Amino acid sequence: MERKQEIQLLNDILKCINKYESKTLIDLLHLLNEDNFFKTITATLDKLSLLNRNTKKIKTGNNNSELKNPIKFLDTLVEIGRYDKEKADILTELYYKIKQKEILVSLREMKNFVLDSGLPPLKTTSREKAIIPFLKILLTLNIDDLKNKIEKIYNNSTKQDRSLKGWSDIILKNDSNE
Amino acid sequence: MAKTISLINMKGGVGKSTLTVNLAWHFAAYSQWRKKVLVVDLDPQFNASQYLLGVTQYSSMLERGDQTVWDIFESNTRIPGRNVRQLDASTLIQNVITLKNGGVVDLIPSRLELAFSLKNPGHKERQLSKFLYDIKDSYDLILIDCAPTESILTTAAYLSSDYLLVPVKPEYLSSIGLPLLVNSMQDFRKEYDQHNLRLAGVVFNATSEYSPEERLSKNGVRSIASQNGWHIFKSEVSYSRSYPKGAREGQPIFRTSYSRYSQVSKFESFAKEFAIRISL
Ligand SMILES: Nc1ncnc2c1ncn2[C@@H]1O[C@H](COP(=O)(O)OP(=O)(O)OP(=O)(O)O)[C@@H](O)[C@H]1O
Ligand SMILES: [Mg+2]
Numbered sequence: 001m002e003r004k005q006e007i008q009l010l011n012d013i014l015k016c017i018n019k020y021e022s023k024t025l026i027d028l029l030h031l032l033n034e035d036n037f038f039k040t041i042t043a044t045l046d047k048l049s050l051l052n053r054n055t056k057k058i059k060t061g062n063n064n065s066e067l068k069n070p071i072k073f074l075d076t077l078v079e080i081g082r083y084d085k086e087k088a089d090i091l092t093e094l095y096y097k098i099k100q101k102e103i104l105v106s107l108r109e110m111k112n113f114v115l116d117s118g119l120p121p122l123k124t125t126s127r128e129k130a131i132i133p134f135l136k137i138l139l140t141l142n143i144d145d146l147k148n149k150i151e152k153i154y155n156n157s158t159k160q161d162r163s164l165k166g167w168s169d170i171i172l173k174n175d176s177n178e
Numbered sequence: 001m002a003k004t005i006s007l008i009n010m011k012g013g014v015g016k017s018t019l020t021v022n023l024a025w026h027f028a029a030y031s032q033w034r035k036k037v038l039v040v041d042l043d044p045q046f047n048a049s050q051y052l053l054g055v056t057q058y059s060s061m062l063e064r065g066d067q068t069v070w071d072i073f074e075s076n077t078r079i080p081g082r083n084v085r086q087l088d089a090s091t092l093i094q095n096v097i098t099l100k101n102g103g104v105v106d107l108i109p110s111r112l113e114l115a116f117s118l119k120n121p122g123h124k125e126r127q128l129s130k131f132l133y134d135i136k137d138s139y140d141l142i143l144i145d146c147a148p149t150e151s152i153l154t155t156a157a158y159l160s161s162d163y164l165l166v167p168v169k170p171e172y173l174s175s176i177g178l179p180l181l182v183n184s185m186q187d188f189r190k191e192y193d194q195h196n197l198r199l200a201g202v203v204f205n206a207t208s209e210y211s212p213e214e215r216l217s218k219n220g221v222r223s224i225a226s227q228n229g230w231h232i233f234k235s236e237v238s239y240s241r242s243y244p245k246g247a248r249e250g251q252p253i254f255r256t257s258y259s260r261y262s263q264v265s266k267f268e269s270f271a272k273e274f275a276i277r278i279s280l
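Residue numbers (my numbering), protein chains in the order written: chain A, 1 to 178; chain B, 1 to 280.
Treat each hint with caution, since some may be false.
When the alpha-carbon atoms are kept at most 27 angstroms apart in a straight line, the in silico DSSO-like pairs for lysine-lysine are as follows [as the list claims (entries may be wrong)]: (1) K36(B) - K266(B); (2) K266(B) - K149(A); (3) K152(A) - K36(B); (4) K165(A) - K147(A); (5) K272(B) - K152(A); (6) K111(A) - K99(A); (7) K123(A) - K245(B); (8) K100(B) - K111(A); (9) K99(A) - K245(B); (10) K100(B) - K272(B); (11) K36(B) - K129(A); (12) K147(A) - K100(B); (13) K245(B) - K165(A); (14) K36(B) - K111(A); (15) K266(B) - K97(A); (16) K111(A) - K272(B); (17) K149(A) - K123(A); (18) K266(B) - K245(B); (19) K101(A) - K245(B).
Covered stretches of chain A (in silico footprint by chain B; criterion: 3 or more residues with CB under 8 angstroms from a CB of chain B, positions within the stretch not fixed) [claimed, not checked]: (20) 5-12; (21) 84-98.
Treat the hints as calculated values from the structure; they're not laboratory data.
It should be emphasised that the depicted structure is a prediction, and the values quoted were computed from it without experimental measurement.
Quick reminder that beta carbons are idealized off the backbone N, C-alpha and C, glycines included.
Work out the full structure, taking the sequences as your base and the hints as a guide.
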């Protein structure tokens, strides 16, 4: 099946070459050989295909399977990574940290964070189900905004040292100063 | 101009710090309030500071050499060979949270050294009220979390306050803290008769409703209260594991993970009644 399609594409390309003449083909090959051009065109194609897919999803309703299927969401991140590596990396890391309960360890904490940062509220009732919608909200932010907000999450979790050990260090250090 | 309320009881562990922090958060965060709240930690055990700041923020505050409530009491003490330390509200007041809606929780933290001020009381009892007087306009509500024992800090709290709020755990030994408080207030009124100190009321904390022992204690408290013309809040703050948990998480009950709505709404009713009592 797939072979058949590829041969068809080749056939179409040959027809086009015929139409544009071989000189144009050679010029195009030179252009494609330039590193930048190739990168730009693949990025543009990626963006286009992603946009198309997203609009299709909205049309088929909100009940998209990504919400239930983290693998699909991670796939989306991989695709985004092709043209916006930084954002994709940040969100992928965040995904695993949340998943492994290193940060935002409860639904309440996630909801508190969303509220404190002025993001649209999460409506889910379980932490597990909230993860993907939460990341999707973050996905819509621009990179600076995203970094800003993420930093707050990480800061909060380091600020959250509330251990007995921590307090006892402070109290005992105090004593030895006297 | 802020209303100033001291949370006080001569008995330890009745919920003074817990209610201080939860009320502060409540009035700052709930959209119908959005108040600017200052918490003053007046206990050398510094529980309110622990609850509100956590280890990292508290230790960086110490490392920066920021002032604490201790400096308020020591600022006029001349230590031979050392300069008098000027009070500096900008390092003395720590911002805990500034909410997007405009609500604020600030804190004047405490530290263990405050206990040493007690050993050398001098004439320090007016220091706190003088300091708070100057910053009162920046806040709507000032909550003072007191230590459980009578000292110069108690007098300082009385002199700074418009009202007292007295949390009581309905348990036998806990209720005996009340006569001590009555005593302490009477002594204060004799010595400082020009200061109008009012009692906002007694609030039962950590109640469970089911136990006969609890009912007995409540009745005892009610009779002392009526003898002294004290108000008892109708809303009670019920026992919930979410309170200690909230302290660990550094959150008020309404932001503590897995806290029950029924518990949260009981606290809300109390906060509402409290606000009416002090005309907030
Ligand atoms: N309503 C409640 N339900 C369950 N636990 C509570 C409640 N209120 C307070 N506690 C817990 O009881 C303990 C004592 O409370 P807290 O430290 O607030 O009392 P306190 O009066 O400030 O004590 P101290 O006199 O030592 O300053 C804490 O562990 C707190 O988490
Ligand atoms: Mg306390």
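Each hint, compared with the structure:
As the CA atoms of K36(B) and K266(B) are separated by approximately 23 angstroms, the hinted pair is consistent with the 27 angstroms bound. In summary, the hint linking K266(B) to K149(A) is not supported, as the alpha carbons are separated by about 33 angstroms, beyond the 27 angstroms threshold. Proposed proximity of K152(A) and K36(B) is supported: the alpha carbons are some 23 angstroms apart, at most 27 angstroms. For the given pair, K165(A) sits about 31 angstroms from K147(A) by alpha-carbon distance, which is inconsistent with the 27 angstroms threshold.
Distance restraint check for K272(B) and K152(A): the Cα-Cα separation of roughly 32 angstroms exceeds the 27 angstroms cut-off, and the hinted pair is therefore not satisfied. Of the pairs offered as hints, the one joining K111(A) and K99(A) holds, with about 16 angstroms between alpha carbons and a cut-off of 27 angstroms not exceeded. Proposed proximity of K123(A) and K245(B) is supported: the alpha carbons are some 24 angstroms apart, at most 27 angstroms. The hinted pair formed by K100(B) and K111(A) meets the criterion: a straight-line CA distance of about 15 angstroms does not exceed 27 angstroms.
Using a Cα cut-off of 27 angstroms, the hinted pair K99(A) and K245(B) holds, with the two alpha carbons roughly 22 angstroms apart. The straight-line distance between the Cα atoms of K100(B) and K272(B) is roughly 22 angstroms, inside the 27 angstroms bound, and the hint therefore holds. Taken as a hint, the K36(B) and K129(A) pair is broken in the structure, with Cα atoms around 36 angstroms apart against an allowance of 27 angstroms. Taking the CA atoms of K147(A) and K100(B), the gap is near 19 angstroms; set against the 27 angstroms cutoff, the hint holds.
For the given pair, K245(B) sits about 17 angstroms from K165(A) by alpha-carbon distance, which is consistent with the 27 angstroms threshold. With a C-alpha separation of about 23 angstroms, the suggested pairing of K36(B) with K111(A) holds against the 27 angstroms cut-off. Restraint check for K266(B) and K97(A): the C-alpha separation of about 35 angstroms exceeds 27 angstroms, so the hint is violated. A distance of roughly 24 angstroms separates the Cα atoms of K111(A) and K272(B); the hinted pair therefore holds under the 27 angstroms criterion.
At roughly 20 angstroms between alpha-carbon atoms, K149(A) and K123(A) fall within 27 angstroms of each other, so this suggested pair holds. With a CA separation close to 17 angstroms, the supplied pair K266(B) and K245(B) stays within the 27 angstroms bound. Straight-line distance between C-alpha atoms of K101(A) and K245(B) comes to about 18 angstroms, which keeps the hinted pair within the 27 angstroms bound. Residues of the region 5-12 of chain A lying with their CB closer than 8 angstroms to a CB of chain B number 0, which falls below the three-residue condition for coverage.
Counting residues of the region 84-98 of chain A whose C-beta sits closer than 8 angstroms to any C-beta of chain B gives 0, which falls short of three, so the coverage hint is violated.
Hints 2, 4, 5, 11, 15, 20, 21, counting from the list given before, are not met by this structure.
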